[in-house]
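Go ahead and model the full structure; you've got the sequences and the hints to work with.
The lines below spell out each chain.
2 protein chains.
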Amino acid sequence: MRLEEKVRGASHREVVDRLGAFFGAKSVVLIGATDRSPWSIWTHANLRQYSPNVTVHVVHPHHDQVHGQQVLKSLNALDEPVDLAYVMVPTSAVLEVMNEVADAGITNVVILTAGFGEAGPEGAELEAQLVDLAHARGLTVLGPNGNGFINAAGGLTPYGLLITPPLDVGPVGIVLQSGGLASAVLAGAQARGVGLSLLVSTGNEALTSASDIMRYLIEDDRTKVIAAFLESIRQPDEFREVAELALAAGKPIVALKTGRTEAGAKAALAHTGALAGDDRVIDAAFRQLGIIRVNSLEELLATAGYLGHHREIRGRRIAAITPSGGACDLLADLASEEKLEFPEFPPETLAELGELLPSFSNPQNPLDVTGYVVMDPTIALKSLGIVANDVVGNYDMVLYTATIPRLEAPNPAPIEQRMDALAEAGKSLDVPLVLQSLISVDLTSYSRKLLGDRGLYLLSGIEPGMRAIGHGARYHDRRDRWLEVGPPTTAPSLEAPVNARGVWPEHLVRGLLEAHGIPVAPARLATSALEAKAFAGEFEEPVAMKVASSALAHKSDIGGVALNVEVDQVTATFDELKKRLAVALPEATLDGVLVGPMRTGGIELLVGVVTDPTWGKVLSLGLGGVWVEVLGDVALRVLPVGPEEITTMLGELRGAALLSGARGTRPVDMDRLVAVVYQIAQLAEGLGEALDTLEVNPLRVEGDCIEVLDALAVWRSEGDSK
Amino acid sequence: MRLEEKVRGASHREVVDRLGAFFGAKSVVLIGATDRSPWSIWTHANLRQYSPNVTVHVVHPHHDQVHGQQVLKSLNALDEPVDLAYVMVPTSAVLEVMNEVADAGITNVVILTAGFGEAGPEGAELEAQLVDLAHARGLTVLGPNGNGFINAAGGLTPYGLLITPPLDVGPVGIVLQSGGLASAVLAGAQARGVGLSLLVSTGNEALTSASDIMRYLIEDDRTKVIAAFLESIRQPDEFREVAELALAAGKPIVALKTGRTEAGAKAALAHTGALAGDDRVIDAAFRQLGIIRVNSLEELLATAGYLGHHREIRGRRIAAITPSGGACDLLADLASEEKLEFPEFPPETLAELGELLPSFSNPQNPLDVTGYVVMDPTIALKSLGIVANDVVGNYDMVLYTATIPRLEAPNPAPIEQRMDALAEAGKSLDVPLVLQSLISVDLTSYSRKLLGDRGLYLLSGIEPGMRAIGHGARYHDRRDRWLEVGPPTTAPSLEAPVNARGVWPEHLVRGLLEAHGIPVAPARLATSALEAKAFAGEFEEPVAMKVASSALAHKSDIGGVALNVEVDQVTATFDELKKRLAVALPEATLDGVLVGPMRTGGIELLVGVVTDPTWGKVLSLGLGGVWVEVLGDVALRVLPVGPEEITTMLGELRGAALLSGARGTRPVDMDRLVAVVYQIAQLAEGLGEALDTLEVNPLRVEGDCIEVLDALAVWRSEGDSK
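Chains as they are written, first to last, in this note's numbering: chain Z, 468 to 1189; chain B, 468 to 1189.
Because the hints were derived from the structure by calculation, they are not lab data. Watch out, some of these pointers could steer you wrong.
A few chain Z residues that face chain B, going by a derived Cβ cut-off under 7 angstroms, partial list only [claimed, not checked]: (1) 529; (2) 530; (3) 586; (4) 588; (5) 589; (6) 591; (7) 593; (8) 651; (9) 765; (10) 790; (11) 797; (12) 827; (13) 831; (14) 930; (15) 1020; (16) 1021.
All C-beta atoms, glycine included, are put in the ideal place defined by N, C-alpha and C.
Next comes the structure, spelled out in structure tokens:
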């Protein structure tokens, strides 16, 4: 509905309602059904097995019997209204079939067929026709070139690859821009006991985008968390709106976004740390939108599964109970990396644990109940009981290593009773109980049943589990802050200067900055040596002199900067700078020479705003010199950002300690610094489309003295060619 | 055999032979066998199920029948020699039983019983007695407080926790210092089809250490790779020797070492980047020894499994064939992180792939054969055939996404034929074929059989797989270099100076450095203002002056350094410095004032050697200033290191670019720099136990001018208290 929405101005609510009808269909017709196609066989088998309350029709012009079912020769033969068409006909027949579908009064269509936008210019043209047709006939279309969807919670599974049982229903909604990975993710979810509400493979997204699916999932009560595999974000504004809706609703979006390596090498005129298309911009945008970015399909599932079952957990203080000292060591290492905490047990807890556990134990958090659990399996649960007494105010969760039997024992009663007791303990605990296994292995049908019957979820493996818990803690921090501060306000629109073309060097940008209240180090533009000498007299000796020409972006490239100039050398220096410009750029006009006081000491910052092709204006902030040039140490944010976020950015810099006075520097007035950076960001944002890049480099800060020493702007309109 | 080895001077060969007899036992007696202990039940059941050719006796003084078997009342009742005793008696009875074991002529003992060194001082005393007894009676002992072992390849499984089938035999030898995690690792290995040669849980390591087990595994033909879970490395020298043996044998050691967070906070007198006990020292030591360090049990198994089956893969150039564009994107992202490469396909390959694949495909490396593989499952194998033609010289491996069916189809023949074809393709391929699944899920019994029958191994999941491949590539780089360069030679021993006590400030260390040929910036120690003035005249104006007192480690702390002193101020400065020392440290004797030329410009390095409690002398190397103080950017190595490794260290620094002339600095003479750092390292190493710390900070480098500007030494003997 991406394009559709533009055309019709569909609101969030409209999209959700239409997709609600789409995913809630009660009857499906498979068009192009044939026993020769695995897709057809599997889609039909999936519907048979997992969609018991859905009527399935099959249509094919030349068959009588397909998948053991009577075939309709055409849609005309339908004797009742049908909610959803699943189209598997050859590419060339799709448009015609779409018209027939519309004629038959069907408004929802899944197109499995490939050969559209992904297949070169011809396919793209066909896809454009498809979009027009869908708009004209009022069709809601998923695909083309997508596997369809699995509405596990609603019992509707028009999906083109075989779904191996069991299909667990649960809190995770999944949307994928890769059909090839959809079944792998499904298998992974099943293996880990991650239950699904809905899984959608969006294909080419001709009309329904991943963002549209997320809109639906945000409003879907059965979905608690959204897992997404994303290859590209085509409509960032819409994506941003959806992410903010999810944040407001408290439904975490966990995303695996590929293409990390694609850009990076793109050259930029400014030195600004962020390059357009840089993957770090996506990182920044995701963080700003509260989206949890993961690096693997395994992490996607572990994180979504954890959050689906435990999204209410706030805070980082964990009480852990394990049967192994080795597990405790691993937990401690991972907690330190994920900034999670194992606060010491209160003295009463320690005393009681000391009485319960064998004499050779060493009670502490995380707790090793020792291998004696083999002789007396109740000590783990008893330890949980003891720890439970003092959780309030001390811990945000209890993490419990649960060894769930993989096979049913000859006498299953003791184990089932212990599982019952564990479930009871979880219910009566004042903080969430998180069960975790020692290593990632699949649930067996028996362990799945032991857990499922009791509404329990098992975090699979120590490391994947702790990473997921870390993601959860960071998500809540960001969300809480977002709720508190609210979304950043957009900067007021500003008119671009009338001569805003090409590259503006310092002497042109200074006025723009000053006009918007941004402090700039004093300097005057002298147009003659005599004037330069007069201006120099206004400042303390020695002065700095910089050649100024609209044709020259980087003064120092031609030796156009003279530092520590004594007054009696000003005249000669003026002439020298003039000569250097004439030699280096014979065509360039000398606009003058900037004369200003020397500035030394303090810390230099780079404040840049560039335009990312996807996300628009991006602010990058870093310490100057080696920090940016050698280390690439910059913090990035997509604009708009508020002052709070700028404070956070400064804190993220590896050299942040320098700002607070490390190495004997004067501590910086942070409020003032944040205010100046905010002004620069507001200016760049306000100038909108007209501005490509604004770079202040350096912004010199020394205590409460903060001023621009040099700056550059690049406008979208080309400069005059004179 | 840790202690034993010291006592008896056992060689590597002796240890291997003794453990060979230990793990190769043909008869076992379970002492303390009882139906009331799960350990006993499970050990017996394991032996019954997985040790078909091993005779099992059970001994208990008060039972007649245990585990359905006739009980011997004591070892005296044995009517044949027995190879191995498995001891499960109460802690207090262990020593007595050990004597009975020895009396019965049994030399190999597993002690499951806990309550020894891990249980406080009393237990430690008992363990010491156990060690003495074992030495006196010539016993080889595994444990106490360990689960025993699983010799999967040899069919001997005296292991205290139930082994769920299947027990796959394979190339991975596992040693664990955590009994609690042993069964988790076993389950994880089974789930992933990682076959085991031997798994050993070492318990308290009273007599047999993890290093001993590794010695055995290095010599064990069935073991191709060693996976280790380590909590502590008690005998670093032995560990190092074993690691080098493994490196020589080409058997990778993959290690999960916990305790990453434990130290770190320990204060140090020097500013040197490495803190004693720092986890980064372990990182460095492991890298130097070619040990692959991993962060999770999952990564341990993925890496060991991959290397066990593919340890011959050298190089980073991968040709990949997948059924999914999403998988290609993930592979590309991960390759970039792991520094692996997907070189473009040769033109002929591209042309042939273009003919084979559907028109909407876009052949490139990694290759997406497209979802059309559903209609024609042969296109993936055909693509492999095409790619195979041009692998030599272009690629080091072919990575092939294999979707292995989880359940047997009604007609399994087509799938089995494709699996046969895949196995054949692998055999005829000129580079290794690596099979990979799209996501980590357990093998089913059917998929296990499909693979196992054909000798195939499946790398589980895209991300875990690519990490494993990355580990493999780095391992081979390090090993190849180690084989080429050889182990670093030990520095010649040096006599410590007679007055080597306490802390030596600069003026004492200078002579030591100079005596060993290390270039030190010129300076003379003036004992009077007059002398200072005379010395100052020897250098160009201005000079630097630094107060010198044996009682003062850090001159600048008391303002004891004066820079840019003009000759006419030297006298006054001498007096001022003298006064400052008297005020700050009234008890301190002024040894004089160092007078030398001013040095500015260039790059400052920190070269420090500290003593780590486990690993001994550790060299840390970093750029000075913010690089070390704010960023902690240092490269670490355990000594000895050769010059090649010092070159690598310099390259690892984040600010390495500065050395080669970034930001306009003069490129450094790297050979000369490496030589000086090597001299410093050799000196510190040669001084041996007497020296605690030697820190050169800064070492100033400018082009080919490299000299020590300041230095500090800390000796092990306390300084005089005067």
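So, going through the hints one by one against the coordinates:
1. Using the Cβ-Cβ criterion of 7 angstroms, the hint placing residue 529/Z at the interface with chain B is not satisfied: the shortest such distance is roughly 18 angstroms.
2. The criterion of a C-beta within 7 angstroms of any C-beta in chain B is not met by residue 530/Z, whose closest approach is roughly 17 angstroms, and the hint is violated.
3. Here the hint on residue 586/Z is kept, as its CB sits about 3 angstroms from the closest CB of chain B, short of 7 angstroms.
4. With a least beta-carbon distance of about 12 angstroms to chain B, the hint placing residue 588/Z at the interface is violated under the 7 angstroms criterion.
5. The beta carbon of residue 589/Z is not positioned within 7 angstroms of any beta carbon in chain B (closest approach about 9 angstroms), and the interface hint is therefore violated.
6. Because the smallest distance between the Cβ of residue 591/Z and any Cβ of chain B comes to about 11 angstroms, over 7 angstroms, the interface hint for this residue is violated.
7. Taking 7 angstroms as the C-beta cut-off, the interface hint given for residue 593/Z is violated, the closest approach to chain B being about 11 angstroms.
8. Because the beta carbon of residue 651/Z sits about 4 angstroms from the nearest beta carbon in chain B, less than 7 angstroms, this interface hint is met.
9. Interface hint status for residue 765/Z: upheld, as the beta-carbon distance to the closest one in chain B is roughly 5 angstroms, under 7 angstroms.
10. Contact between residue 790/Z and chain B, as hinted, is supported at the beta carbon level, the nearest pair being about 5 angstroms apart and thus within 7 angstroms.
11. With a cut of 7 angstroms, the hint placing residue 797/Z at the interface with chain B holds, because the nearest CB-to-CB distance is about 6 angstroms.
12. At about 3 angstroms, the closest approach between the beta carbon of residue 827/Z and any beta carbon in chain B falls short of 7 angstroms, and the interface hint on this residue holds.
13. Checking residue 831/Z against chain B: minimum C-beta separation of about 13 angstroms lies over 7 angstroms; hint violated.
14. With a least beta-carbon distance of about 3 angstroms to chain B, the hint placing residue 930/Z at the interface is held under the 7 angstroms criterion.
15. At a threshold of 7 angstroms, the smallest CB-CB gap from residue 1020/Z to chain B is about 19 angstroms, leaving the interface hint violated.
16. Restraint check, residue 1021/Z versus chain B: the minimum CB separation of about 14 angstroms is more than 7 angstroms; hint violated.
In summary, the numbered hints that this structure violates are 1, 2, 4, 5, 6, 7, 13, 15 and 16.
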